[in-house]
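**Q** What follows is the residue order along each chain.
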Amino acid sequence: MTDNDTRESENTTHDSADGRVEPDGGTVTSAAQSHRETDYLDREVNLLKPSTPFMRDHLRVVWTGFAIWAVVVFGPVTATAIAPGVMTQTIPGIGFPLHYFLVSIGAPGGALALSFWYARRRDKLDEKYGIEHGSGSSPGTGEGTPAADGGVEE
Amino acid sequence: MSAVPLQLLPEGLEVSFKLLPAILVLSMLLLFLVIGYLFKVADAEGMWVAGRSIGNVENGMAIGANWMSAASYLGMAGIMVLSGFYGLAFIVGWSTGYFILLIFMAAQMRRFGKYTAPDFVGDRFNSDSARAIGAVTTFLIGFVYAIGQARGMGLVGLYIFGDIGLPGLSGYQSMVVFMMAITVGYLTLSGMLGATKNMAVQYVILIVAFLAGLYAVGFSQGYSTVLPQIEYGALFDQLSNEFSEPFTNESYYLWIATAFSLVVGTCGLPHVLVRFYTVESERTARWSTVWGLFFICLLYLSAPAFAAFGVDLYGGVGMSTAEADTIVVLAAQLAELPRWFVGFVAAGGIAAAIATTAGLFIAGSSAISHDIYANIIKEDATQREQVFVGRAAIVALGVITTLAALDPAAPIAALVSYAFSLAGAVLFPMFFLGLWWENTNRQGALAGMTTGLVIWTIPMINEVLPTYVGSLDGTISPTLAQWVPAIGSALIAVPIVFAVTIGVSMATEEPPEDIKRLVRQCHSPEPMQQMDSAEDIVDSDAPADD
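Protein chains in written order, with this note's numbering: chain A, 1 to 154; chain B, 1 to 546.
Some hints could be false.
Derived lysine-lysine pairs resembling DSS-like cross-links, with alpha carbons at most 30 Å apart [unchecked claim]:
1. B/Lys114 to A/Lys124
2. A/Lys128 to B/Lys114
3. B/Lys516 to B/Lys114
4. B/Lys378 to A/Lys49
5. B/Lys378 to B/Lys18
6. A/Lys128 to B/Lys378
7. B/Lys378 to A/Lys124
8. A/Lys49 to A/Lys128
9. A/Lys124 to A/Lys49
10. A/Lys49 to B/Lys114
From the structure, some residues in chain A lie toward chain B, with a derived Cβ separation under 7 Å [unchecked claim]:
11. Ser30
12. Ala81
13. Ile82
14. Phe96
15. Leu112
16. Tyr118
Hint data in this document are derived by calculation from the structure and do not stem from the laboratory. Built from N, CA and C at the ideal position, the CB exists for glycine as well.
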């Protein structure tokens, strides 16, 4: 997980290249500013081709989480099928065979930890883009931005 | 699963009428009705309109209660007793799927604003045919899922109420009829009262009963003290190898197929998705999913411990499937805990089964009355007619579920997983592609859903139907059963349905602009009001194209 700073400068560059950023001299971050100027109703939704900076950032979190999830959930079982000897060894102290422990406690526990991690990351994204929930603000989408540029797969 | 004839009288379980546990179960049902009544006023006026916000924790509990049925409470420990390591596929599938739901669907579903499966596919793909397939699938899910619940209620009901001996039926069958009659009756009452607040209460009863049972068994038998979820590890020496050895009972392939089907099924189940509309914002939708998974994990980390204790207490081998399915109650009984306490543990199982059956039946009957009858068959149907059709659908569901549960084809967890394969094969791809690829169109959705239904039906006919038809003996094609098992058919179905949906969508016209805007609104990070749906924002209430 890279830090957000690099992302922001990238986004700004990206947006500037499209000529869509008009600095208003405010205190918001450049990410929040480009968010305000994006009309999400004009931007294509495609899981493999994020078309807005926000969705690009979001999907990076989603795919990272998904990859770890796949390993946590199906990894131990697969390892047990490949190397049963190693995986069925007893863990000293608690008595579990390794594969049993990793599957029965590791997988659900891992999914729970990942869910917590994701929800936190997503909150941080909201913060970065200046999105507030439950404050009663009305949906204010920008207008007149050019058609979706398709974005870049990363 | 091999087609071993099921033994439906749990031999080891003490079957007799028990006054205190019976009072416990009945007062529990009464409590649900009272809560439903007390919150009725709030429901009618405030629930949707005044924008009451249901918080993270409360919605998390509701997710937990909605989720955990007899399959979690009884079936999961049961399948671990019968199949050892393979049983863990159920724990993994039923818990880790929530993460996929969280990252890909929870917030988007909240924004879409439509919370019934038929509504979603009907509106997203602008098609009454898609709506009809969605409604039929929802009805089928309710039916298949509820068979497992009826089996659980029948078995545990035997412990509490004894053999009531309806003429011509066995003790188990009489109890299935009796419990289903209670459920349908309760549903008619609670349906009128709109008991939403019950969910959190049901979760508390369920988890307290389960954990109290586990701690009491562990403590009284000297297995564990403060953390049975870890302490049962010490038992592995004493348990037979079958309990932990990998892939002795079932293959690696079946393990993966089962877990995968349960994961995608989780993301496609109509009665799970309903929980996301009642929250104030997408942020709450996300956090309540985290809480929901936490509450679910409390039970799921404990179930293997219960199974291990039960196996050790039972001693010896050759437990019948009926005994395995009641292992949670049986373990408490074998530990010689007081009768009322065992009854309390049993009552928790009945609460879990009734709560989930209620949710399923309501989803199934509204699919029939709202989506098929009022939307397609008779567009000017009056409110009264709709209510009548809905009631008739509940009774019909009750009757066919009871009939199918009299001689069920498999243990509880397996029965329920058939419903997950169905939801995973037919509804999950539509939700996923519908939300994440705006070019998914009507033709693609119709082709995909039909494909999913067909792929789900084939192994059901191959493996499950023969157990109901006397002239057929065992599985029709063992090879087919090996690669497309009924219990995990979504592993094969989901990739094919994805391919068909994408292929047909690309070969045909793109969906109209207003539908695309609807999908984009689901992904817009702009906050929405509680009552807003994506549809309100983009303002596209056009009738279906077909």
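**Q** Indicate, hint by hint, whether the structure satisfies it.
**A** Status of the hints after comparison with the structure:
As the CA atoms of B/Lys114 and A/Lys124 are separated by approximately 27 Å, the hinted pair is consistent with the 30 Å bound. Between A/Lys128 and B/Lys114, the direct Cα distance comes to roughly 29 Å. Compliance with the 30 Å bound is thereby established for this hinted pair. A hinted pair counts as satisfied when its Cα atoms are at most 30 Å apart, and B/Lys516 with B/Lys114 qualifies at roughly 16 Å. Under the criterion of a C-alpha separation no larger than 30 Å, the hint pairing B/Lys378 with A/Lys49 is inconsistent with the structure, at around 42 Å.
Our distance criterion of 30 Å between C-alpha atoms is broken by B/Lys378 and B/Lys18, whose separation comes to about 49 Å. The straight-line distance between the Cα atoms of A/Lys128 and B/Lys378 is roughly 50 Å, outside the 30 Å bound, and the hint therefore fails. The straight-line distance between the Cα atoms of B/Lys378 and A/Lys124 is roughly 49 Å, outside the 30 Å bound, and the hint therefore fails. For the hint linking A/Lys49 to A/Lys128, the alpha-carbon distance of about 21 Å falls within 30 Å, and the restraint holds.
Pair hint A/Lys124 plus A/Lys49 holds up; C-alpha atoms about 22 Å apart against a cutoff of 30 Å. Taken as a hint, the A/Lys49 and B/Lys114 pair is honoured in the structure, with Cα atoms around 26 Å apart against an allowance of 30 Å. Annotation: A/Ser30 was flagged as interfacial toward chain B, and the flag is violated, the nearest CB pair being 16 Å apart, outside 7 Å. Contact between A/Ala81 and chain B, as hinted, is supported at the beta carbon level, the nearest pair being about 4 Å apart and thus within 7 Å.
Checking A/Ile82 against chain B by beta carbon gives a least distance of about 9 Å; that is not within 7 Å, so the hint is violated. Interface hint at A/Phe96: satisfied, since its Cβ lies 4 Å from the closest Cβ of chain B, which is below the 7 Å cut-off. Residue-level restraint check for A/Leu112 holds (minimum Cβ-Cβ distance to chain B is 5 Å; threshold 7 Å). Interface restraint check for A/Tyr118: the shortest CB-CB distance to chain B comes to about 6 Å, inside 7 Å, so the restraint holds.
Of the numbered hints listed earlier, those contradicted by the structure are 4, 5, 6, 7, 11 and 13.
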